[in-house]
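Listed below, chain by chain, are the residues.
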Amino acid sequence: MVNDYEMTISAHRELAPGIWRLELQGDFDYAGALPGTFVEVEMPDEAYQLRRPFAIADCDSERQTLALIYRVVGAGTELMSQLHEGATLKLLGSLGNGFPFADLVPGQRTLLVGGGTGIPPLLYLSKVLHARGIQADIAVGFLNQESMFATDELQQYGNLAITTNDGSVGIKGFVSAVLDNEWNDNHYDRIYACGPLGLLMSVQNRYPDADNVYLSLESRMACGVGACEGCVVPDKQGKLSLRVCVEGPVFNSQEVQLSV
Amino acid sequence: MSDTRLAVELPGLKLKNPIMPASGTFAFGDSKYAQMYDLNQLGALITKAVTLEPRAGNATPRIAETKSGVLNAIGLQNPGLKVVLEEKLPALQAKYPDLPIIANVAGSTEEEYVAVARALSESKMCAALELNISCPNVKHGGMMFGTNPDVAAELTAAVKKASSVPVYVKLSPNVTDVKEIAQAVADAGADGLSMINTLLGMRLDLKTRKPVLANQTGGLSGPAIKPIAVRMIREVAAAIDIPIIGMGGVETAADALEMMMAGASAVAVGTAHFHDPLVCPHIIDALPKTMDQYQVSTLQELCSQTGQMLRGEKG
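Protein chains in written order, with numbering that gives the first Met the number 0: chain A, 0 to 259; chain B, 0 to 314.
Watch out, some of these pointers could steer you wrong.
Taking lysine to aspartate or glutamate pairs in the DMTMM-like style, the calculated list, with each CA pair at most 25 Å apart, reads [claimed, not checked]:
1) 288(B) - 3(A)
2) 238(A) - 86(B)
3) 238(A) - 85(B)
4) 31(B) - 188(A)
5) 238(A) - 111(B)
6) 126(A) - 188(A)
7) 235(A) - 52(B)
8) 81(B) - 246(A)
9) 94(B) - 3(A)
10) 81(B) - 77(A)
11) 31(B) - 152(A)
12) 66(B) - 28(A)
13) 206(B) - 179(A)
14) 171(A) - 152(A)
15) 94(B) - 13(A)
16) 288(B) - 45(A)
17) 89(A) - 52(B)
18) 31(B) - 3(A)
19) 238(A) - 52(B)
20) 31(B) - 165(A)
21) 31(B) - 45(A)
22) 238(A) - 29(B)
23) 31(B) - 246(A)
Just a sample of chain B residues kept apart from chain A, beta carbon distances all over 12 Å, derived [unchecked claim]:
24) 36
25) 67
26) 76
27) 77
28) 122
29) 150
30) 152
31) 175
32) 179
33) 211
34) 212
35) 276
36) 296
37) 309
To be clear, the hints were calculated from the coordinates, so they are not data collected in a lab.
Bear in mind the structure is a predicted one, so any value in this text is a computation, not a measurement.
By construction, the Cβ of each residue, glycine as well, lies at the ideal position given by its N, Cα and C atoms.
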């Protein structure tokens, strides 16, 4: 059930410069912690009025652990990155709708497209899909070799393609290059994407008429629970009617308008 | 568990405790906050602003964090009177029949305010109205009605005439002399005041050199504004003898007591929800102990003592 849970940091390490994996232990809404859902984390300083939304990157209800992978982007996340094992954090969750996958059957084929800190929820999704016998082609993009993370794990769960902007690892360029070339002829039962706006737009534009494409969005958010109307994004008619925190963060590509 | 020490009474509002979520931070009691605790614990609930027609709100980004505060420019996004009357209020009433509901009324014209106020009060689904003449984030209406005493008084009188339930006028802090507006709306028949709304503010993004909010400006709320709220409530309470619902940066039981010592008879909690979703029950639970700490036997007594003291100051 959605609630505010106080959890203890059981592991915290830097995966790449400025990219951290935070593992928390304790009571949580594990039943609701599905791939694509998120939590709102209270910052460890009361001057911060807003919590920070992070997608769930892994979850183990038996060990009672939850993992988040986040990037240090401001003073709040900087402060968070300094926390050690044993410290506690408050997490409001699970929030949001998550990726639809329950209707897929073993043998069906999916495509996962991720970039940068859009990768963590796809990492969790790929793990769950793999456990259910569903095939996954996974294309992930990074700035360069130094900024890479989670690739070893992704490799276990699907057929992985890596792109880097500078070509230091994998294919040089954006992830869309993989879709246009190597995987151009593949048929997918479902497509999932999470990452920067440009990546989401390229996926939406590549499959303009498909009804099986799901995009996970981010937005400046306050409440996280559908109370404040702060995080809205435009629907296909351009109306700001979709709350990322409740109707999303995962939207069918046909229902949402991506705008810069 | 209810504690009679916490009970307070204001026009149209017999409250088991003085704590209520502030407008715009709690939707219509239908967000996931309601899945986390029984809203019957609340003293009352103030709804999101209601306008005659649905409103789409402002462009995004609508939210920006500041030190000890939040800037917002939502723009009164709401589903409109019809949906509120047919869906939102009935759902609240069905689930929480004993929870007093204060409906926040907004509009672009006097006619719109009057129509919304009349329909909401006639619905018998709210105990009082909060007249929003102080939203800083809309081009028409909102704060325009709340910064000129004559305009504010005229609107208050018109809404009072149309409403069969008590009317609390929500005041803007973005004025030179809040007492002047407060006096004008009190003279026009306001049953109470609700203060303060947000302070007009702005943040710039150093990279883009542009405002962070799409609306350019927004309303500042949170602990950063609490001293301003306390000062304004005290000024108004000392000058005008109608009850005040106090708000502005409240996040603890001590903050709530401070508002009441300033002259508020009840306390609304807004921005604090964003870092503590359970802030209202937390405050309600902590109130008795905090009252003990400061030798407050009952809140009703604190209100009357404060009133007497302020009236003494005035004379």
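Outcome of the hint check:
The straight-line distance between the Cα atoms of residue 288(B) and residue 3(A) is roughly 23 Å, inside the 25 Å bound, and the hint therefore holds. In summary, the hint linking residue 238(A) to residue 86(B) is supported, as the alpha carbons are separated by about 21 Å, within the 25 Å threshold. For the suggested pair residue 238(A) and residue 85(B), the alpha carbons sit about 22 Å apart, so the restraint of at most 25 Å is met. Of the supplied pair hints, the one linking residue 31(B) and residue 188(A) is violated, its CA atoms being roughly 32 Å apart against a limit of 25 Å.
Restraint check for residue 238(A) and residue 111(B): the C-alpha separation of about 23 Å stays at or below 25 Å, so the hint holds. For the proposed pair residue 126(A) and residue 188(A), the alpha carbon gap of about 17 Å is at most 25 Å, so the pair holds. A C-alpha spacing of about 21 Å is found between residue 235(A) and residue 52(B), which places the hinted pair at or below 25 Å, so the restraint holds. A C-alpha spacing of about 22 Å is found between residue 81(B) and residue 246(A), which places the hinted pair at or below 25 Å, so the restraint holds.
Under the criterion of a C-alpha separation no larger than 25 Å, the hint pairing residue 94(B) with residue 3(A) is consistent with the structure, at around 22 Å. In summary, the hint linking residue 81(B) to residue 77(A) is not supported, as the alpha carbons are separated by about 46 Å, beyond the 25 Å threshold. The suggested pairing of residue 31(B) with residue 152(A) is violated, with an alpha-carbon distance near 34 Å, which exceeds 25 Å. A hinted pair counts as satisfied when its Cα atoms are at most 25 Å apart, and residue 66(B) with residue 28(A) does not qualify at roughly 31 Å.
Using a Cα cut-off of 25 Å, the hinted pair residue 206(B) and residue 179(A) is violated, with the two alpha carbons roughly 34 Å apart. Distance restraint check for residue 171(A) and residue 152(A): the Cα-Cα separation of roughly 21 Å lies within the 25 Å cut-off, and the hinted pair is therefore satisfied. For the hint linking residue 94(B) to residue 13(A), the alpha-carbon distance of about 47 Å lies beyond 25 Å, and the restraint is violated. A hinted pair counts as satisfied when its Cα atoms are at most 25 Å apart, and residue 288(B) with residue 45(A) qualifies at roughly 22 Å.
Pair hint residue 89(A) plus residue 52(B) does not hold up; C-alpha atoms about 39 Å apart against a cutoff of 25 Å. The straight-line distance between the Cα atoms of residue 31(B) and residue 3(A) is roughly 11 Å, inside the 25 Å bound, and the hint therefore holds. With a C-alpha separation of about 15 Å, the suggested pair residue 238(A) and residue 52(B) falls inside the 25 Å cut-off, and the hint holds. A hinted pair counts as satisfied when its Cα atoms are at most 25 Å apart, and residue 31(B) with residue 165(A) does not qualify at roughly 44 Å.
Restraint check for residue 31(B) and residue 45(A): the C-alpha separation of about 23 Å stays at or below 25 Å, so the hint holds. For the suggested pair residue 238(A) and residue 29(B), the alpha carbons sit about 21 Å apart, so the restraint of at most 25 Å is met. Under the criterion of a C-alpha separation no larger than 25 Å, the hint pairing residue 31(B) with residue 246(A) is consistent with the structure, at around 12 Å. Once the 12 Å rule is applied to beta carbons, residue 36(B) is inconsistent with being away from chain A; the minimum gap is 9 Å.
Interface exclusion of residue 67(B) from chain A breaks down, the closest Cβ pair being 5 Å apart, not more than 12 Å. For residue 76(B), the non-interface assignment is contradicted: its Cβ lies about 4 Å from the closest Cβ of chain A, within the 12 Å cut-off. A Cβ of chain A approaches the Cβ of residue 77(B) within 12 Å, the least distance being about 8 Å, so the stated non-interface status is violated. No beta-carbon of chain A is positioned within 12 Å of the beta-carbon of residue 122(B); the least distance is around 22 Å.
Annotated as non-interface, residue 150(B) keeps its C-beta farther than 12 Å from every C-beta of chain A; the closest such distance is 27 Å. Residue-level check passed: residue 152(B) sits 31 Å from the nearest beta carbon of chain A, beyond 12 Å. With a closest Cβ-Cβ approach of about 28 Å to chain A, residue 175(B) is found to remain outside the 12 Å limit, as its non-interface label requires. Even its closest Cβ contact with chain A, about 31 Å, leaves residue 179(B) beyond 12 Å, as expected for a residue assigned away from the interface.
Interface exclusion of residue 211(B) from chain A breaks down, the closest Cβ pair being 9 Å apart, not more than 12 Å. Annotated as non-interface, residue 212(B) brings its C-beta within 12 Å of a C-beta of chain A; the closest such distance is 9 Å. Not every CB of chain A is more than 12 Å from the CB of residue 276(B) (nearest about 5 Å), against its label as outside the interface. For residue 296(B), the shortest C-beta to C-beta distance to chain A comes to about 30 Å, beyond the 12 Å cut-off, and the non-interface label holds.
Separation of residue 309(B) from chain A is adequate, the least Cβ-Cβ distance of about 31 Å exceeding the 12 Å criterion.
Consistency with the previously given hints fails for numbers 4, 10, 11, 12, 13, 15, 17, 20, 24, 25, 26, 27, 33, 34, 35, ordered from lowest to highest.
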